[in-house]
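S.K.: If you want the building blocks of each chain, they are given just below.
There are 2 protein chains.
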Amino acid sequence: MGGLLSDPEVEAVWVSTPSHLHCEHVAQIAGASRHAVVEKPMATSLDECQRMIEACAKNNVVLTAGGARSFDPAFVAMRSVIDSGRLGRLGGLAAWAYTGWILRPREPHEVDVSQGGGTVFNQAPHPVDVLRLLGGGLVRSVRGATVEFPLAGRPCPGYINACLQFEDGTPATLMYDGYGYMAGWELVPWGETPARLSAAEGPMQYRKALRAGTADEYGGKERLRFGSDRGESRFPDRDGNWTPMDAGIVVAACERGRIRQSASGLYVYDDDGRHDELIAGLGDNRSNEVPELRAAMDRKPSLHDGWWGMATMEVVLAIMHSAAQAAEIRLSHQVPVKR
Amino acid sequence: MGGLLSDPEVEAVWVSTPSHLHCEHVAQIAGASRHAVVEKPMATSLDECQRMIEACAKNNVVLTAGGARSFDPAFVAMRSVIDSGRLGRLGGLAAWAYTGWILRPREPHEVDVSQGGGTVFNQAPHPVDVLRLLGGGLVRSVRGATVEFPLAGRPCPGYINACLQFEDGTPATLMYDGYGYMAGWELVPWGETPARLSAAEGPMQYRKALRAGTADEYGGKERLRFGSDRGESRFPDRDGNWTPMDAGIVVAACERGRIRQSASGLYVYDDDGRHDELIAGLGDNRSNEVPELRAAMDRKPSLHDGWWGMATMEVVLAIMHSAAQAAEIRLSHQVPVKR
Numbered sequence: 001m002g003g004l005l006s007d008p009e010v011e012a013v014w015v016s017t018p019s020h021l022h023c024e025h026v027a028q029i030a031g032a033s034r035h036a037v038v039e040k041p042m043a044t045s046l047d048e049c050q051r052m053i054e055a056c057a058k059n060n061v062v063l064t065a066g067g068a069r070s071f072d073p074a075f076v077a078m079r080s081v082i083d084s085g086r087l088g089r090l091g092g093l094a095a096w097a098y099t100g101w102i103l104r105p106r107e108p109h110e111v112d113v114s115q116g117g118g119t120v121f122n123q124a125p126h127p128v129d130v131l132r133l134l135g136g137g138l139v140r141s142v143r144g145a146t147v148e149f150p151l152a153g154r155p156c157p158g159y160i161n162a163c164l165q166f167e168d169g170t171p172a173t174l175m176y177d178g179y180g181y182m183a184g185w186e187l188v189p190w191g192e193t194p195a196r197l198s199a200a201e202g203p204m205q206y207r208k209a210l211r212a213g214t215a216d217e218y219g220g221k222e223r224l225r226f227g228s229d230r231g232e233s234r235f236p237d238r239d240g241n242w243t244p245m246d247a248g249i250v251v252a253a254c255e256r257g258r259i260r261q262s263a264s265g266l267y268v269y270d271d272d273g274r275h276d277e278l279i280a281g282l283g284d285n286r287s288n289e290v291p292e293l294r295a296a297m298d299r300k301p302s303l304h305d306g307w308w309g310m311a312t313m314e315v316v317l318a319i320m321h322s323a324a325q326a327a328e329i330r331l332s333h334q335v336p337v338k339r
Numbered sequence: 001m002g003g004l005l006s007d008p009e010v011e012a013v014w015v016s017t018p019s020h021l022h023c024e025h026v027a028q029i030a031g032a033s034r035h036a037v038v039e040k041p042m043a044t045s046l047d048e049c050q051r052m053i054e055a056c057a058k059n060n061v062v063l064t065a066g067g068a069r070s071f072d073p074a075f076v077a078m079r080s081v082i083d084s085g086r087l088g089r090l091g092g093l094a095a096w097a098y099t100g101w102i103l104r105p106r107e108p109h110e111v112d113v114s115q116g117g118g119t120v121f122n123q124a125p126h127p128v129d130v131l132r133l134l135g136g137g138l139v140r141s142v143r144g145a146t147v148e149f150p151l152a153g154r155p156c157p158g159y160i161n162a163c164l165q166f167e168d169g170t171p172a173t174l175m176y177d178g179y180g181y182m183a184g185w186e187l188v189p190w191g192e193t194p195a196r197l198s199a200a201e202g203p204m205q206y207r208k209a210l211r212a213g214t215a216d217e218y219g220g221k222e223r224l225r226f227g228s229d230r231g232e233s234r235f236p237d238r239d240g241n242w243t244p245m246d247a248g249i250v251v252a253a254c255e256r257g258r259i260r261q262s263a264s265g266l267y268v269y270d271d272d273g274r275h276d277e278l279i280a281g282l283g284d285n286r287s288n289e290v291p292e293l294r295a296a297m298d299r300k301p302s303l304h305d306g307w308w309g310m311a312t313m314e315v316v317l318a319i320m321h322s323a324a325q326a327a328e329i330r331l332s333h334q335v336p337v338k339r
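If you read the protein sequences in the order shown, they are chains A and B. For what it's worth, our numbering labels the leading residue of the first sequence as 1, then goes sequentially. For what it's worth, our numbering labels the leading residue of the second sequence as 1, then goes sequentially.
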């Protein structure tokens with residue numbers, strides 16, 4: 001980190017270190033007067049989030065809570081349709097996701113909840129951030145549950161559900177199943193391709209290896225890194241068609257219509273039926289992230305600032321607390337979507 | 001009713017009168033020593049349910065809480081897979097439904113919540129009964145929300161969501177959107193056929209007629225009745241493939257697999273992948289209802305007895321109360337699935 005922070009060419013640093021180190025690393029980066037983008041989860045506690053925000057403010061640098069699906073062009077476009085008012089006011093939201101998060105090779109810290117690991121810390125931020133983006137940001141209460149299904153090497157819950165309610169009363173439902181039995185692509189007509197069916201074999205074999213205690217977690221992880229020799233072949237969805245990913249299928253219910261993702265943009269339903277509205281650059285899931293950082297560095301308002309990231313973190317922690325206490329949790333650190 | 005109840009050939013009566021008359025009608029039927037099957041919703045209050053149960057017990061006749069999707073062969077089969085233990089214990093449940101309930105022709109009582117009308121009373125019993133069947137029956141708490149989107153002639157909420165928790169901790173999520181913008185069949189690869197796309201035109205026109213105040217509710221209802229001249233042409237799903245209906249897509253998450261409905265039976269997912277397990281008689285949604293009544297009349301244990309129906313009613317009412325109070329509701333009238 002020392003070399004990086006003394007290089008005069010480095011303006012900003014993307015923090016994708018283990019979650020429990022985010023706070024310390026952002027403080028170092030801010031101390032060196034560099035801007036920071038921090039991957040989800042922003043940190044492992046609200047206190048850490050607060051310290052990161054303060055460190056950046058004190059050093060007059062930008063903090064962007066990055067790595068979330070709420071940057072995806074389709075969700076940004078959904079938010080625009082809601083804002084346009086053409087379907088009337090928003091009334092309800094639902095997100096459900098089926099992924100294989102738990103079956104990807106993992107280092108121990110990634111599945112250790114005490115270090116900010118596990119599916120809830122690492123994946124709940126996706127639907128939570130998207131629901132907050134679409135619902136206006138201000139979640140009032142959370143009733144959540146988490147389930148851990150036994151699997152060697154994965155000592156963390158991998159199944160999450162929650163009912164959120166926003167300040168204006170809008171309800172949202174969230175279901176996330178990261179155990180890799182079902183896949184999100186099974187829930188869209190264009191999802192089941194020979195490439196995806198065949199790609200599903202890998203995770204299934206990995207589950208067997210985990211059960212047998214023969215999984216090569218470090219080696220497997222190394223092979224899946226960006227720039228590894230497997231390259232893009234690990235993306236069977238690169239056929240140009242969107243399929244549900246980390247945030248899942250997300251449906252916004254408005255007074256006079258519905259909105260959800262289609263293969264190449266959005267399905268917008270209104271009194272005249274279903275319309276498929278194309279979105280340019282849909283395949284590039286990160287296309288809004290760097291521009292937002294750049295704008296923030298130019299002191300323009302940034303949606304995903306530290307306070308936004310902390311508010312998402314509060315919802316994620318509330319899901320865990322609600323699950324532990326079997327009770328609804330009221331929130332107090334929420335911030336609205338900046339218009 | 002008098003003629004029906006004095007006919008010596010009549011052993012049992014199927015009650016599909018308006019919901020707020022169920023209690024009175026069951027009391028009459030029981031008083032005439034006839035068995036009764038009552039359509040969902042069983043009644044409009046727990047007190048009515050209790051009186052119906054007592055009237056039948058006093059007259060030594062059977063009361064079956066009928067009309068629910070939990071009779072569907074596929075859900076009965078799902079329960080069997082769970083019971084078999086081949087996927088380990090159940091850990092989570094999710095149901096999400098997209099229907100056009102609100103766009104079918106309706107008499108005024110059907111959309112009047114004070115008379116047991118509206119989507120919550122009439123449709124929530126489907127996923128609730130199915131989730132109770134799969135989860136073992138004993139719901140501990142409900143956090144729900146209901147949303148009413150403005151539509152002339154439909155003064156009732158048509159959008160429902162809820163997080164349930166069972167006594168053993170198993171969580172369940174429920175989402176029901178009856179406004180007919182999206183359709184359940186859009187969420188299965190085999191769902192989108194020319195017949196279904198074309199059948200979607202009717203409800204869409206009906207929404208426009210409702211908005212314009214020109215809908216012929218009584219005439220429309222008459223045409224849709226069983227035995228009307230439109231006959232089976234109103235069932236575009238009669239291509240032999242199941243598509244999500246009133247209870248929606250329902251996924252049971254177990255320790256070592258998942259279960260949900262396929263086009264012709266169940267998808268059972270385990271460590272070896274997805275298996276399509278056929279179910280005979282899947283198309284006949286009522287094939288378990290009459291046999292259960294017959295068995296009950298022979299004094300065999302009946303799952304859908306009055307206490308079962310009352311327990312489902314309690315969950316449905318709790319969704320309404322939770323929505324009104326923005327608070328979680330604890331339940332006290334739940335009964336287990338009889339084995």
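For the record, the hints were derived by calculation from the structure and aren't laboratory data. Note that the structure is predicted; figures quoted are calculated from it, not measured. Yeah, the Cβ is synthetic: ideal placement off N, Cα and C, and Gly gets one too. Treat the hints with care, as some may be off.
Claimed, not checked - Ranges of calculated distance between the beta carbons of each label pair, as one might list FRET restraints:
{"hint": "1", "chain 1": "A", "residue 1": "Gly153", "chain 2": "B", "residue 2": "Arg89", "range": "19 to 27 Å"}
{"hint": "2", "chain 1": "B", "residue 1": "Asp239", "chain 2": "A", "residue 2": "Leu138", "range": "25 to 33 Å"}
{"hint": "3", "chain 1": "B", "residue 1": "Arg89", "chain 2": "A", "residue 2": "Leu224", "range": "27 to 35 Å"}
{"hint": "4", "chain 1": "B", "residue 1": "Asp271", "chain 2": "A", "residue 2": "His333", "range": "38 to 46 Å"}
{"hint": "5", "chain 1": "B", "residue 1": "Gly240", "chain 2": "A", "residue 2": "Met297", "range": "55 to 63 Å"}
{"hint": "6", "chain 1": "A", "residue 1": "Pro189", "chain 2": "B", "residue 2": "Tyr218", "range": "34 to 42 Å"}
{"hint": "7", "chain 1": "A", "residue 1": "Leu138", "chain 2": "B", "residue 2": "Gly240", "range": "41 to 49 Å"}
{"hint": "8", "chain 1": "B", "residue 1": "Ala324", "chain 2": "A", "residue 2": "Gly213", "range": "16 to 24 Å"}
{"hint": "9", "chain 1": "A", "residue 1": "Met297", "chain 2": "B", "residue 2": "Ser84", "range": "56 to 64 Å"}
S.K.: Give a verdict on every hint.
M.R.: Outcome of the hint check:
no.: 1; hint: A/Gly153 with B/Arg89: 19 to 27 Å; result: 20 Å, holds
no.: 2; hint: B/Asp239 with A/Leu138: 25 to 33 Å; result: 45 Å, violated
no.: 3; hint: B/Arg89 with A/Leu224: 27 to 35 Å; result: 31 Å, holds
no.: 4; hint: B/Asp271 with A/His333: 38 to 46 Å; result: 41 Å, holds
no.: 5; hint: B/Gly240 with A/Met297: 55 to 63 Å; result: 59 Å, holds
no.: 6; hint: A/Pro189 with B/Tyr218: 34 to 42 Å; result: 37 Å, holds
no.: 7; hint: A/Leu138 with B/Gly240: 41 to 49 Å; result: 47 Å, holds
no.: 8; hint: B/Ala324 with A/Gly213: 16 to 24 Å; result: 52 Å, violated
no.: 9; hint: A/Met297 with B/Ser84: 56 to 64 Å; result: 59 Å, holds
The structure does not agree with the numbered hints 2, 8 stated previously, though it agrees with the rest.
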